[in-house]
Structures are given as C-alpha cells and as structure tokens.
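Enquirer: Each chain, letter by letter, is given below.
Number of protein chains: 2
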Amino acid sequence: MKSLQRLRYFVTVADELHFGRAAERLHMSQPPLSQQIQVLETEVGFALFDRSSRRVVLTDEGQALYPEAKRLLNQSHAFDQMASALERGLAGRIRVGFVDSAAYRVMPNLLRNLRQQRPRVEFELTTLTSDLQVKALLSGEIDIGLARAIPPGTTLSAQSIHEETLVCALSTDHELSTRDAVSITELRDELLIGFNRMKSPSLHAEMAALFAARDLQYDPGIEATEYTTILGLVAAGQGMALVPESLRVFRPPGLRYVDVSDEDATSRIMLVARSLEASPLTRSVVEAASSYLGGNPE
Amino acid sequence: MKSLQRLRYFVTVADELHFGRAAERLHMSQPPLSQQIQVLETEVGFALFDRSSRRVVLTDEGQALYPEAKRLLNQSHAFDQMASALERGLAGRIRVGFVDSAAYRVMPNLLRNLRQQRPRVEFELTTLTSDLQVKALLSGEIDIGLARAIPPGTTLSAQSIHEETLVCALSTDHELSTRDAVSITELRDELLIGFNRMKSPSLHAEMAALFAARDLQYDPGIEATEYTTILGLVAAGQGMALVPESLRVFRPPGLRYVDVSDEDATSRIMLVARSLEASPLTRSVVEAASSYLGGNPE
DNA sequence: TGCCAATGATATCCAACGCATATTGACAAA
DNA sequence: TTTGTCAATATGCGTTGGATATCATTGGCA
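Same order as they appear, the protein sequences are chains E and H. Once you know that position 52 of the first sequence is 52 in the numbering used here, the rest is easy, because the numbers rise by one and skip nothing. Once you know that position 71 of the second sequence is 71 in the numbering used here, the rest is easy, because the numbers rise by one and skip nothing.
Calculated from the structure, these hints are not laboratory results. The model shown is predicted, which means the values in this text are computed figures rather than measured ones. Here a beta-carbon is modelled for each residue, glycine too, at the ideal position from N, C-alpha and C. One or more of the hints may lead you astray.
Okay, the calculated bits of chain E under chain H, using three or more residues with CB under 8 Å as the criterion [said to hold, decoys possible]:
#, segment
1, 42-51
2, 71-84
3, 90-102
Let the sequences and hints guide you as you build the complete structure.
Expert: As structure tokens, then:
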C-alpha cells in the first residue's frame, strides 16, 4: 500500500456509495476523489466500484478488500494513539527502584493505583536500598525511586508519599514484650539491630537523629541492609529493632511487636526522581503517584 | 499517521541504527532520509532517535513506538497480499451450484481439493438441478455450476470433470435383482422412474438419447426431480431407474443395485461457468477445479 | 594536540503528486 | 426532448519529497 490517505478515500466512498457525499465528508471536492479512487484501482489491479452516473456499488473484490482496508486504518489509528500517549507520558516503560520494606504494603498499593491511572505504562521493578536508589537515579539506571531516606544536597526531587509509625520488634523472651507500648528513652541500654551505616548512611542518620533528639546515642550492635534480615536476627534473640509498622506482616515465631509511644517515631517513604531532565513519562508517573499519596485501602 | 513511507523509513533506520546504510537499503540518498525522520519526529511530537555524528540509538519513546510501527507495516503488507490474491483470483467469495447427486462423492472431493488449492476463497454452495444451474449462471446468481447435463446453444463454457457408469436401481423383489449385470435393451418393457421432463429437460434428453441409440423409447412412468426421490420410489417398488453409481451409498431397505453392461451407460458431471464475462476469481477456481479432473481418492 | 575520516544536518533545486475549478458526458425522470 | 444528477475529464498550481552539493560535529589516531 502506497498511501493511507487513498485508503481513507476508499473506505469513505464504500461507506457512502456516493462520490459527492464522500468528498464532502472528506472536506475535498469530488473530482480529485474520483481520481484517487482510480489511482487506487490501478494500484490493486482491479475495479473497486461499479459505477454508473446513477449508482455506485462495491465490486466483489472491493467488498473483499474493504475489511482489510478497515483493519489497516484501525492499526494506523492505534499507532497515532500510541504516539500521543507517549508524547503525553501516558505510555512507555519506566524503571522503579524501591526499598524492600515497601514491597509489602506501599508498593503493591501504589502499583495497583498506577496501573489503573496509566494502563499503557510498563513498570520495571528493582529492590534497592535508599542510598543505592540515589546512585541509580543519578546514573540513569532507574527513573523513579521509593526510598525511606535520601541524603540532602542532591539534584533529586522528593516528596513524601507514605508515612507510618515505627514499632519496636523484640523477642518474646524480652521483658518489654508484654508491654502495650514503649518509649524510645526506654531503649537506652538495649542491644539494637540497625541498618549498616556504610551501605545505608541516610537511614542510619535518620535513626541517629531520632535518638539524638532525646540525648541518646544510636549505636546498633548488629547491622544489616534489609529489614527482613533485621527481623530474623530479632527473632533469633540477637537484640531489638525499630521498624516501620507495615513490617508487622512478618510474624516469625519468637518475635513480637510493641507500639512506640513517641509521636515522632515515624518513617516516611519518599518518591524520588531526577528533578531536571525528567522525561514526560517520568513526570507523568510522578504526578499519578503523588495523587495517590499513600492512601491505604485496607 | 500520514505516510506509510515515512514509517518504513523509521523502521529501517531503527533496524540499521545508521542513516547512511538505511538510506542505501531504501534505495535513496541520506539527506532526504534524515529529513523524513525529522518530519516524523515533529508529527509524533518527540524524538525517535538520539543521534550524534558517531552513533544513532532509539530513544525510549522510539523504542516503544517501534513495535506499533512494525504492526502497521505488517497490516499494510497483508493488505497488499489480499489485493494481489484478489487480482489473481486466488481470494474472494464464489457461489457454486451443484446437482444433489454430486453431494455425496464429487462435491466433497472437489471441495476438499479446492480449499487446499485456493485457501483464501470462500465457497457458497447451493443445490440446483442442472437446468436451474444454467438459468442461475446466466442471471448471475451463481458463478460456477456442477451439472449432469446442459442444453446446447448456451454461451456457457462446460467441461467434464467426473464421469461414472450408470447402475440400475431396482426392488429386491424384482426378478432382475439377482443378476450380476443387465443391459439397457433388457429394460424395454420395465416401468422406469426418471427425471421430470419439464423441470430437467436436459437430463431427460440425455437418457432418451441413450435409449434411442438402441431403438428404444425412453418414457418413464413416474417422474421426479431428485435422485433421492427416485431411489425412494424404487425402494417402494414403484419401478426401476438408471442412476449414477455414486448413488450406491444410498441403501434403503428393499433396494438393490445391478451393474449395467452397456459401455456408453455413463453420466458425466460438467463444470459450467459463464465463458465470457467470467471474473478472474471464477476463472481461477475453474482452472483449479479442472486440474482436479474427477480424481477419486477413495 | 591537531588532523582526518565518518556521519548526520543543512541548503538549494526540481519533478511529481494531489488538490481545486471548470467542463464534459451519461443517464434517468418529467 | 429537456432537465437534473452524478461521475469523469481537462487544466493549472502549490506542496511534497527526492537528488546533489556542502557544512558541522565528533571520535580516532599520529
């Protein structure tokens, strides 16, 4: 097929069975329409219409070709739709990095929401620690991050998308395990398990700040890089830890969660992206994600 | 989408990732190719390629659009295939009329063969007596007929596609029913059941000629318009009949078939079509059908 | 560091294509 | 026979898409 335009002419004439009316619908005059149909007929090698000055009908071949032409025009429309969606950032592939602790509540909820709002966007998911997300964003390996803490002074844009209270995870053997709630100051002499200060400096710093506000030192005796590891160690009786409450879905034997009474004992999940140089797609997805704003359906 | 040509350019450049080579493959020079890509990029509203003077890569959006473009080009190719098939008579819808006695052997075999040779042709089948087929052909109601006898002097083209011997169908009560074979002259005084001479004059005439060659009168006492009716009457003891041997598949109780010894006691099925004014499709199907020539797989 | 080869973009020109207007030709109804 | 309708033909023109020539950028290499 040489020209989609001619095909539109064919379909329109086939629909109207009248050159004059078809030309009108196509916003053109009748003679060139007749010409273009003739051109198409020589292209395919047979007559598409039987026409007298009184009536126009499709030939058998024209009838057989009509649905094929329709299909082609539909496909052309689909192409335009796709191009338009891509232009407005409503379609494409976007790479998302997220902390493993978001995998159980925040990420599933957000993803369900995004898939609904941006059905033509494909998401490529990777779990990364908060600090690795920053690196991956800056190097272009991911487009969006869901991090718990980001270091200050980057060129990244960030906004809180979900906030939750911290709870204290401790062994069922521990004397505090029967309490309804504990305060951070009560943890002064406890053995804490926390994030690796080399691999996750930002998260470590956030906890340190929480303790410093109470003139306490945050100095975990054991360090890990994932919440699941930390919880495993707690269950094994190696110490206690402050973790976001969404981690409560983990209930290994020997482990108990106790509320933390301090108002500021919270952890936020930030939506992070390159502020400059963000593609329309990224911008569009960030916009869709921020309208979600941590709503918690369950 | 405005132009399929531009889309071909896009796909080719995306395949080669090199404007010079792509232009070569497209049998054109490089500058207009660059131009057309630029035109396409303004049409869709975003860049399709990231290009330096050293290397060309698809943008994310270009990558997302590529499969859609491929689909569109595939559909275009399908359209061309269809047009070409229609032009050469390899596709379309063709209306076939056939005598009911061909429904049991000739028509199924022929149809199986045709579907294989012309997979894109749709067949619309109607049973019609030989003489009605002639009328339907001339009025354009059918395109091809499978008839046992056609009147002389029409503008129709006809060729034998299947020839079979006649057998004598008679009641098991009849004295000849135990014979291995009978000759036509032996039927001189028998009560015959034959075709209606008004509704099927050609078929009647053919039988009459067979008898006349032996100085016999063909004068059936009972007339019908379908072989199945005739056989039913024979089984009911109303008389005997000469029928094509393919009717032997009908074995109602009380009916027996006996060979006819006369060499010329045959019936042919003719492939009939309008000789002038035949569409390429009809011509093509006639050609395919005549190559089959009554081969009898079983 | 500076030159060269490779490669895509730009400039300019021209032929072909597709559209418009005006007119003709065919055909059916009054 | 006339008239009205409708598609086809004739002619002219602006736009598009192609070619050739040239420029600009960049990475490799001496």
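Enquirer: Against chain H, does the segment 71-84 of chain E show at least 3 residues with beta-carbon separation below 8 Å?
Expert: Check passed, 10 qualifying residues.
Enquirer: Quick check: the segment 42-51 of chain E, covered by chain H? Criterion 3+ residues, Cβ under 8 Å.
Expert: holds (count 4)
Enquirer: If you look at each residue in the segment 90-102 of chain E, do at least three have a Cβ nearer than 8 Å to any Cβ of chain H?
Expert: The restraint on the segment 90-102 of chain E holds, since 3 of its residues have a Cβ under 8 Å from chain H and three suffice.
When each numbered hint is compared with the structure, no violation occurs for any of them.
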